[in-house]
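Be aware that the sequence shown starts at 3, since it is given in our numbering, and climbs by one per residue.
All clues given are correct.
Straight-line alpha carbon distances no greater than 16 Å define the calculated EDC-like cross-link-like pairs of lysine to aspartate or glutamate that follow: (1) K146 - D220; (2) K146 - E228; (3) K186 - D166; (4) K230 - D217; (5) K260 - E206.
Between beta-carbon pairs, the in silico distance windows are: (6) N84 - E247: 14 to 22 Å; (7) S266 - K186: 43 to 51 Å; (8) D198 - Q70: 28 to 36 Å; (9) N114 - D272: 19 to 27 Å; (10) M74 - A147: 23 to 31 Å; (11) A210 - S188: 19 to 27 Å; (12) Q70 - T196: 30 to 38 Å.
I should point out that these hints are in silico values taken from the structure, not numbers from a laboratory. Positions of the beta carbon are idealized from the N, C-alpha and C atoms, including for glycine.
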Amino acid sequence: MEKKNTMLLTVIAVATLLVAVVGATFAYFSITVEGGTSTTAATMQTQQLPTITMKTGESTFGIAATVQDMAMNNSGARWAINTSDKDSSNASSGKGDETGLYYWSSEEKKYNLFSISTSGVGATTENDGSTYECPVTITLSADKAISELTSGDLILYLYSKGGDVEVSDMNASDNTQDLIEDWKNSTKTYLMNTEDKSSGHSGENGCATERGCYDVSDLFKTSNIEKKLYTVVIVKNDTTSSDGEGTSVLASMKLVNKSSADQSGLAGKDIRITIISQLDKAGCKVITKAAE
Numbered sequence: 003m004e005k006k007n008t009m010l011l012t013v014i015a016v017a018t019l020l021v022a023v024v025g026a027t028f029a030y031f032s033i034t035v036e037g038g039t040s041t042t043a044a045t046m047q048t049q050q051l052p053t054i055t056m057k058t059g060e061s062t063f064g065i066a067a068t069v070q071d072m073a074m075n076n077s078g079a080r081w082a083i084n085t086s087d088k089d090s091s092n093a094s095s096g097k098g099d100e101t102g103l104y105y106w107s108s109e110e111k112k113y114n115l116f117s118i119s120t121s122g123v124g125a126t127t128e129n130d131g132s133t134y135e136c137p138v139t140i141t142l143s144a145d146k147a148i149s150e151l152t153s154g155d156l157i158l159y160l161y162s163k164g165g166d167v168e169v170s171d172m173n174a175s176d177n178t179q180d181l182i183e184d185w186k187n188s189t190k191t192y193l194m195n196t197e198d199k200s201s202g203h204s205g206e207n208g209c210a211t212e213r214g215c216y217d218v219s220d221l222f223k224t225s226n227i228e229k230k231l232y233t234v235v236i237v238k239n240d241t242t243s244s245d246g247e248g249t250s251v252l253a254s255m256k257l258v259n260k261s262s263a264d265q266s267g268l269a270g271k272d273i274r275i276t277i278i279s280q281l282d283k284a285g286c287k288v289i290t291k292a293a294e
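Input sequences plus hints: build the corresponding full structure.
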């Protein structure tokens, strides 16, 4: 009987030790997002862990152009603007139209899709300087079908600001865990271009092999099409950050008026795209590879 009790106590002790080790190795942080800023604090018995905040930004972008805007002798990029920001300073040559239909910007406009930051851990704690990986799925959807859009007409750019962001190809089979594993093993390069990368985007060029560049023209072939991008946002626990925004993802979109093709059929079309960013249910966790 005494031997059985000893074995039982040994099993309990080993199980308790395993739980403690696993709990100390993987720290997960959940976030709920309801269109604005929402935070959830995470704590452990022996460590003070940060609060991780995800703040959503603009989500619907649009372009509408006149016949003159789409003339073959007037080639170049027409940049999308936030659909709630169609004032005269951003309007195209159709800005005097009473319906307010025609709107686009002659300069690239980058909008904040979302930002993820940490707070609540001071410089004296053992977690200062830690880095976290936060998987976020970005879902793209068209407002309505526009059959006149063809390949190379509509280009979406994503940029990272304040930190590294890994990003997949459009509708790739890679999920966020695949991105993380490949990145850790240095088998693939997934890092998105940073905010200061915009040279060469004003012309008729497409994406080639540029990370964070996507031809979304076929999103408008029929109604109710959705495309997904998988991203992993690398967030550093930096309490000294001046803006407190952490790592952000920005987006811009251009309609390319080609010098070699008649695109007059796009005149008067209200081209809108909605982008929704959603954190993975598992939330964020401590990263095991330092951001580069």
